[in-house]
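*Asks:* Listed here are the chains, written in short residue letters.
Number of protein chains: 2
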Amino acid sequence: MDNRLLLEYAKLIVKCGANVRPNQLVIIKSPIEVYEFTRLVVEEAYKVGAKKVIVDYIDSVNDRHDYLYESVDTLTEIEDYTVSRAKYEVDNQACHISLTSPNPLALAGVDPLKLQAYSKAKGEKLSFLTDYTMNSIGQWCVAGVASKAWANKVFPNQENNVDLLWEAILKASHVSEFDSVSSWMKHSDSILEHAKLLNSFNFKKLSFKNSKGTDLEVYLALENIFAGGDEYSAEGVRFSPNIPTEEVFGMPYKTKVNGIVYSTKPLNYQGSIIEDFYLRFKDGKVVEYNAKKGFASLKALIEFDDGSSYLGEVALISHNSPISNMNVLFYNTLFDENASCHLALGQAYSMNTKAGTKLSKEELIKRGCNFSNTHIDFMFGSKDMSVIGTTYKDEEIVIFKDGNFII
Amino acid sequence: MDNRLLLEYAKLIVKCGANVRPNQLVIIKSPIEVYEFTRLVVEEAYKVGAKKVIVDYIDSVNDRHDYLYESVDTLTEIEDYTVSRAKYEVDNQACHISLTSPNPLALAGVDPLKLQAYSKAKGEKLSFLTDYTMNSIGQWCVAGVASKAWANKVFPNQENNVDLLWEAILKASHVSEFDSVSSWMKHSDSILEHAKLLNSFNFKKLSFKNSKGTDLEVYLALENIFAGGDEYSAEGVRFSPNIPTEEVFGMPYKTKVNGIVYSTKPLNYQGSIIEDFYLRFKDGKVVEYNAKKGFASLKALIEFDDGSSYLGEVALISHNSPISNMNVLFYNTLFDENASCHLALGQAYSMNTKAGTKLSKEELIKRGCNFSNTHIDFMFGSKDMSVIGTTYKDEEIVIFKDGNFII
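In the order they appear, the protein sequences are chains A and B.
Just so we're aligned: 123 in the numbering used here is position 92 of the first sequence, and the numbers increase by one with no gaps anywhere.
Just so we're aligned: 303 in the numbering used here is position 272 of the second sequence, and the numbers increase by one with no gaps anywhere.
A portion of the hints provided could be inaccurate.
Each pair may be met inside one copy or between any two copies, as identical chains are not told apart.
[What the hints assert, rightly or not] Calculated pairs, EDC-like style, for lysine to aspartate or glutamate (alpha carbon to alpha carbon, straight line, at most 16 Å):
1. K385 - E262
2. K82 - D104
3. K82 - E108
4. K82 - D97
5. K60 - E74
6. K156 - E110
7. K60 - D87
8. K179 - E67
9. K78 - E101
10. K287 - D246
11. K46 - E74
None of these hints come from the bench; they were simulated from the model.
Isolated chain A, as found in the complex (with noise of 0.2 Å):
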């Protein structure tokens, strides 16, 4: 791939996706294989005068090693110094930026319970970290990276796999030789834009059908915000979570979701992948659900804890969107979730909510919000799902008409 382009995508994450701010702290998760593009990173970051930058590599295959050999009181042993680690990236106040380039078989043949029993022990060690990320204290960054696995993957049987699955990234994100960094503004400005305009019909209740047997009401958290594309941190620096990223997303009161759903599309929870799955939730929780292919993570993932059989996000795209027209399946919910309709179980997020983050918990959960150590997004939009919005004056809105907003 072009070295410039490359270039202009390392600055587009760190000026637009976690905007470094001079003398801040910045920590980078990075898959092994892409560190040369990581490298262009830390130093774009340090350009703009990051304080210190921090890398911490992943290496998939050795995490599996761990997996396969160590004993489960081993794997959920948090140690102190991760704890200490983590509270010198809150105290100091870090952005964080998180590089993806999932290699989808990495942990299969794993025992989905042992990934869950480590995962949660994990959570549970580390939550004030999560919180910290989650509520967009400080700024975050997620964005994806080609490598040879993941575009084996993506692209299989082709010899310049790894260039087309870049082309793929940089197109969906945005970057060419001009100036990336304004194109990406007016693009999260655009989506902004959308959120405002569907909080103005101020809905209650969102019902979604397909022809794929999907039949399912959600309701809105009460004060629910729409937001999309840029945030801003605790300290109001504007900052884009996802690179690339197309959606408006809302906040489903917890206990008031019922009907069944159908995703769309395969999920790859913790490196392996669910395939044609459904759930049926009951007062907001998963009462029923079955998966073609991944069962044993479907139920690892539900099972997670408390708030994982909750929605914790509903987040609304039109099926002719950019990233769903380049019709490619990235088996990567970060570029997947932009081409279509999607939930997420698990914790949603307090900004969801009219002035969310400065709410107490107790507060939180009176609007309706889902907490957990966890939340991941699946998808089930389709080229002829109906989306019917119902407002506080009850009254019917079309929002989605055969997959498109047409609001």
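With chain A held as given, fit chain B onto it using these hints.
*Replies:* Chain B alone, transformed into the frame defined by chain A:
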């Protein structure tokens, strides 16, 4: 390189090098470029029963950016989580594997004073970890791994230089398709025998002379013990700290070294190459020095701390040794030190004096032991080196003639 040979080498590092014990914590430091080989070492460690294997990947390009962009204040702030992590290693009696694949130019252009300030701050804060490894409380092993950057330095302008470098590393390390572990053990036993023989003479002083101008008297510490090949951890586990190794080495008496010594091989110190240098000693201390190349780095080393201008090791290797005969300049002390007599500036090994690992600092000082937060070997052997040993009975014994052991 043939994968079976790499697997043999990984086994050698795990089984003979660190000699990983069942249920032991294993810490691996690895340059990021060689992650594929490192994965083999991780799996071998788990196969012999490691409780947990933690890999710290080091990216020298990012390190260079840290040094270039971070302020000295930021660089020298050693955070609590780093100390907490080091404590975890010591408290859990970890064994340490350090894979090395130097990029000789990685830190070129970085201010040596900045490098030094960081090393010093880290050395002071983590001296308990240095003590743990330098005193062989836990097992540790350093071994080389071929990479493109290193191969470009060792075999420039040769397309297949990574393979050539692997061949050299594996040959030096006694690795073949056959039983590399027993072959290594035999080799290690022979070095132990040689050290035993030297100890039987009970030398108090070594005198070095060659045509390059070296003319140096090195008194040995009281109760000096020549060591070499394998060592034993506090718990009595035999291990090979260096792969490869050919040397037998003893402890100089800190304040009883006089004369001049000329280097015979380049020294790679903190990413810079120091070439053609000399050191003049008076009462143990370096009182005059110069280098044709890399003077600033040499200065930084000598001025690192109080102990870095005194010797901590004296090692004897025949010019006609297997690694020397390969006639390859590795630009890596781990290898080059085995092709030449060498000295180290800085910390001495307490095991080089009788029962030294059980002595207090005060007792060690009385024996003539040097203390420092660094330990850097440099090579001064040559094909015409003469070494004469003087025993406590004032007998003079010729140890080396024309560069080689004759006892």
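*Asks:* Each hint: holds or not?
*Replies:* Right, here's what the structure says about each hint:
no.: 1; hint: K385 - E262; in the structure: within (14 Å within a copy, 66 Å between copies)
no.: 2; hint: K82 - D104; in the structure: between (37 Å within a copy, 10 Å between copies)
no.: 3; hint: K82 - E108; in the structure: between (31 Å within a copy, 12 Å between copies)
no.: 4; hint: K82 - D97; in the structure: between (33 Å within a copy, 9 Å between copies)
no.: 5; hint: K60 - E74; in the structure: within (15 Å within a copy, 23 Å between copies)
no.: 6; hint: K156 - E110; in the structure: within (9 Å within a copy, 20 Å between copies)
no.: 7; hint: K60 - D87; in the structure: both (5 Å within a copy, 13 Å between copies)
no.: 8; hint: K179 - E67; in the structure: both (13 Å within a copy, 14 Å between copies)
no.: 9; hint: K78 - E101; in the structure: between (41 Å within a copy, 11 Å between copies)
no.: 10; hint: K287 - D246; in the structure: within (14 Å within a copy, 88 Å between copies)
no.: 11; hint: K46 - E74; in the structure: within (12 Å within a copy, 39 Å between copies)
Hint compliance for this structure: every hint is met.
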